[in-house]
Amino acid sequence: MFRSSQPWIARGRNTSLHSNECEALAAKAAFLNGVWYNTILTLFVLLLLGACAGVPSATQATTPKATTSSSGSTSTGSASFPTTPLQLRTPDFGSSEQIAPTVKVLASADPTLIIQFPLVPSGIKQKFPNATGLVTVLQDTKANDFDAVSITVDKMPPNVKFTVFFTEIAAKPFGHAEYVGDVFTRGDGSGESTFHLITFVAFAADARQSTVQSADQTDAASGIQLEHVGMWFDGVNSARQVLGNPTIPGTPFDGGHGALHAGPQAMTDGQTLPVI
Amino acid sequence: MHILQYARRTVLSASCLLLLVICIQVRIATSAIADPSNRQLQVGHAQSNPEAARLLRLKQSGHLAQTVNILNSLPPTTILQFPLVPSGIKQKFPNATGLVTIVRGDRDNSTSDIVTVDVQKMPPNITFTIFFIEIANKPFGHVEYVADLTTRGDGSGESIFNIISFVSFAMDARNPGTSQDDREGLTSGINLEHLGMWFSSLQDAQQVLNDETLKGTIFDGGNPPLHAGPQAMTDGQSAPVF
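In order, the protein sequences belong to chains A and B. Under my numbering, think of the first position of the first sequence as 1, with each following residue one higher. Under my numbering, think of the first position of the second sequence as 1, with each following residue one higher.
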């Protein structure tokens, strides 16, 4: 006769057992069941406790033990973090005879060169005399693949698109120009845009006339230097509407969309000497 | 014993509930993928992107270079890619490759385009300048200096910059003139619809190409004049690439 070592199996399969024997087996099975579930439950609780113990507390995670070295730097185990700010220096950016007086060269950490200069209203001066603009140009002087240009404006005509150009001359007739990006104003007349492109040594050239040269901040360079920044109405129609003048002629200061569809200049750096 | 039986039932019930929740989640995910509108989002047909479809037609009619790929991007984005091939470095680096990717957001509501230039198997540790140009090959015509790219020791490199590219143009505002743009119609100035890479330094070019007779070019900013080297990579196309 088959005698299973597992009573709960035998109980289900051998129905010819005596009732007392069945009761004993049932009691034994219940006992073993209890032991089995107890073991699983204990293991589960132990695993849970182990997992909790492995997670560092919030305090431990955010405030590692720090020791300060004699040099002033703080060390946390093998890692080392500075505790003092980087030393700032004001890099050279042309002489006062070569750079517009409105240009501020910021003291910044090596290897950055950061300059700032304002934009003032030109074509919108009558209607928006309090309009302001600030241009910030950042260059990594060592890995100079391109510059970062940020333009921030305020109190401008609201909900209007303006184009941004680098130009040869700040005022009319502007000369050679390079279209670099757009700025959209919000409902309150504020707006900002950031571009990544060659700025400090931007130039215009026709490669068929390679002998054309011009002076930049340091010396002569190829092509025509583009050292000013201006903003134009993207569309002559919006300019006519904003300025209340239906006779304003179109200008070339926007790409695509048909010739001379742009409006007049809105903001200028207004300088004779270079700003970039 | 009763407590253990209760715990056992609770564990079993919780397991069943968890299984049910997993089944529901799987069902939701499967139905989302099967939904035609979602499938369109994933595939992104050019037909559903008018700007991409327009560029595709321009390419088919020969108004955009055959090397240009117009990607099946979702509106309102326009994404195109085209290769660069070696020009001045062809003898020494015949396997050099370049890939340009231009991403534009909404045609009328983006402030600039994102241009990525990736190169491989180029002369190592050399800085190249990147220009938008009027003509892909000599004499190149009007040009705009947009960025630099410095290769690593293995000859690979990349540069990413934000600038107006699809409608870039050169002009002298005293006499801007007009030019015909296949995508935009008649436009102001001279359209710049090609891209090339130049040696930033003539000395680098002379050394890399082992040719002391190479002459300086205008293709870098700053002084002195004509300190740049020859063109290294070109899109090599007659029709516009962007």
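These aren't lab readings, by the way, just hints derived from the structure by calculation. Fair warning: this is a prediction, and the values are worked out from it, not measured in the lab. There may be inaccurate statements among the hints.
Partial selection, computed: residues in chain B whose CB lies under 8 Å from chain A [claimed, not checked]:
hint: 1; residue: L58
hint: 2; residue: T77
hint: 3; residue: T150
hint: 4; residue: D154
hint: 5; residue: D181
hint: 6; residue: L214
hint: 7; residue: I218
Virtual Cβ for every residue (Gly too), placed ideally from N, Cα, C.
The hints, checked one at a time:
no., hint, result
1, L58, "violated, 14 Å"
2, T77, "violated, 16 Å"
3, T150, "holds, 7 Å"
4, D154, "violated, 18 Å"
5, D181, "holds, 7 Å"
6, L214, "violated, 14 Å"
7, I218, "holds, 4 Å"
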